[in-house]
Amino acid sequence: MRTSDYWRERFVQLEAAQNRLAQAGRQEIERHYRRAQRELDEQIRVWYQRLADNNKISLAEARRWLTGQELAEFKWDVQEYIKRGMENGIDGRWAKQLENASARFHISRLEALKIRTRQSMEQLFARQQGIVNQTLADVYRSGYYHTAFELQKGFAVGWDIAGIDQRQLEKVLAKPWAVDGKNFSERIWGNKDKLIAEVHTELTRNIMLGQDPQKAIDAIAKKLNTSRVNAGRLVMTEEAYFSSLAQRDCFRELGVEQFEIVATLDSHTSEICQAADGEVKPMSDFEPGVTAPPFHVNCRSTTVPYFDDEFSLGGERTARGEDGKTYYVPADMKYKEWQQAFVGGGDKNGLQEAGVSGIIKNIKDCTTVDEVEALMKEQGWFYQTVLPDGTDFDGNKLLSLQGCDLEAAKAVFQAHENVYNKLPELIGKLNAVNAAELANGCYAQCSYGLGRGGITVNTSYFGDASKVARLYENDLVYGFHPANTTFGSIVTHELGHAVDDYLSVVEQLAGMKNTWQAKKVSAYLRPRVMKACGVKIADIQREVSGYATQDAQEWFAECFCEWMDSPRPRPVAAEFG
Numbered sequence: 001m002r003t004s005d006y007w008r009e010r011f012v013q014l015e016a017a018q019n020r021l022a023q024a025g026r027q028e029i030e031r032h033y034r035r036a037q038r039e040l041d042e043q044i045r046v047w048y049q050r051l052a053d054n055n056k057i058s059l060a061e062a063r064r065w066l067t068g069q070e071l072a073e074f075k076w077d078v079q080e081y082i083k084r085g086m087e088n089g090i091d092g093r094w095a096k097q098l099e100n101a102s103a104r105f106h107i108s109r110l111e112a113l114k115i116r117t118r119q120s121m122e123q124l125f126a127r128q129q130g131i132v133n134q135t136l137a138d139v140y141r142s143g144y145y146h147t148a149f150e151l152q153k154g155f156a157v158g159w160d161i162a163g164i165d166q167r168q169l170e171k172v173l174a175k176p177w178a179v180d181g182k183n184f185s186e187r188i189w190g191n192k193d194k195l196i197a198e199v200h201t202e203l204t205r206n207i208m209l210g211q212d213p214q215k216a217i218d219a220i221a222k223k224l225n226t227s228r229v230n231a232g233r234l235v236m237t238e239e240a241y242f243s244s245l246a247q248r249d250c251f252r253e254l255g256v257e258q259f260e261i262v263a264t265l266d267s268h269t270s271e272i273c274q275a276a277d278g279e280v281k282p283m284s285d286f287e288p289g290v291t292a293p294p295f296h297v298n299c300r301s302t303t304v305p306y307f308d309d310e311f312s313l314g315g316e317r318t319a320r321g322e323d324g325k326t327y328y329v330p331a332d333m334k335y336k337e338w339q340q341a342f343v344g345g346g347d348k349n350g351l352q353e354a355g356v357s358g359i360i361k362n363i364k365d366c367t368t369v370d371e372v373e374a375l376m377k378e379q380g381w382f383y384q385t386v387l388p389d390g391t392d393f394d395g396n397k398l399l400s401l402q403g404c405d406l407e408a409a410k411a412v413f414q415a416h417e418n419v420y421n422k423l424p425e426l427i428g429k430l431n432a433v434n435a436a437e438l439a440n441g442c443y444a445q446c447s448y449g450l451g452r453g454g455i456t457v458n459t460s461y462f463g464d465a466s467k468v469a470r471l472y473e474n475d476l477v478y479g480f481h482p483a484n485t486t487f488g489s490i491v492t493h494e495l496g497h498a499v500d501d502y503l504s505v506v507e508q509l510a511g512m513k514n515t516w517q518a519k520k521v522s523a524y525l526r527p528r529v530m531k532a533c534g535v536k537i538a539d540i541q542r543e544v545s546g547y548a549t550q551d552a553q554e555w556f557a558e559c560f561c562e563w564m565d566s567p568r569p570r571p572v573a574a575e576f577g
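When we follow my numbering, the leftmost residue of the sequence shown carries the number 1, and every step to the right adds one.
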């Protein structure tokens, strides 16, 4: 089970990525505001240069009709505006007004200026609408898919996620969420109407007072700047909402039952976010903007999935994929690879099937040998390297438990889990386990002499767990193996051989016998451990086991087995450990 710190880290990083999408959109909007400012400046200056006397113009002069040449030029401009509007999706109401203006024979100079300035602002807000709409669509789509990716990767298992279609996306974006009952599009058009009215009022006031046109330009620039700041605030606040909404929808789809609020805690954190940080709530209470972020303008809080010990991701939902299957998600899988495989029934070629019984989060949940094998491969316990020819070698992909029955396969897994949990330094050092038919009387064996081990269990025994358990119990009666161990300790014993080999050949902890052969660590340790316990080599059968009397290597493996598996290891095994 992933820790809460893991989920916090992954989802805080996800929210930061979502925030960057919104920041990019805001910067694009600001670029268009600067462009609109330049256009308005130029339109006002040219207008004054044509008509003004000593940089002033009377209201009567401004209200005079355009002359024939001026009217023709104006109508040419209007036709160009209509053409641009058709290309850029400008508000249909404004397009209709332009068509009406084009058909008129009397247009005042001031009205012509207002139409030209309004066209610049209509274009500005049309672009803003397009940028915000695309940005929020990207935020929702990215947030939904990345949330699914993080959850499936965190649990190491994935299944098909339905693609988000355009109609579904438009429905999500159109729904109002704030208390005023307006969606972002309505706010943009409301801001547009307000700005147009303010700009036109400023132009009229400037003419009536006979002021220098620079004053009007400066005042309009100030109003544009206020509108620009509001536009930036809007896109960031809407990003926080739609990012939160995407998480909620994905959490629900994947069967997450609880969520936790995570605030960015620093000197800028609001009191409401400080108070909410760490709160855990059921998914039925997840309402963005109310019980979940955003809690205020420019809110930086996010949510993460919260899991207790009994949680298993998705339950029956894991069988929803088009092919009704689940697959293990490799730890090194990238988002793009995941998206190609799991969004909309993609290509899963090369992925290991996990079955349809839900998330396999521990060995107790496995119901088939294939599931045990797949779970074992996911642990990353075994040796990996790059071969001399440049190809990758991954022992985890080569392990096989085929030929074992379910309980025997689980015992193999648990023996390895116990060793790697107790000695995590061994992770990635030893070769993987396999199953094959061996000579009669041999429960299992370990490749020895190359330093990486490599265990093979005998399917003649591990194909029937009850059979090998009875035989091992009989061995215990005669003291052939250490007391308080089970048949799974057969595997632990062989892992002991692999460790002895690794310490001897790879680490060379006992030194070198000659220039090509390492000394055995087992031979080095045996007399020292026995002496430290006040016993002799002749006492090995009583103090360790009958099998341990064969040689130093079997002594090492039996001590390792008892130290690892017995709840009460005796003095020699304890000293060995």
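Fair warning: there could be bad hints in the mix.
Unchecked claim - Here are the simulated DMTMM-like pairs of lysine to aspartate or glutamate, each with C-alpha atoms no more than 20 Å apart in a straight line:
(1) Lys153 x Glu287
(2) Lys222 x Glu42
(3) Lys114 x Glu186
(4) Lys153 x Asp308
(5) Lys334 x Glu287
(6) Lys153 x Asp165
(7) Lys182 x Glu287
(8) Lys222 x Asp212
No lab work stands behind these hints, which were simulated from the structure alone.
*asked:* Could you work out which of the previously given hints the structure breaks and list their numbers from low to high?
replied: 1, 3, 5, 6
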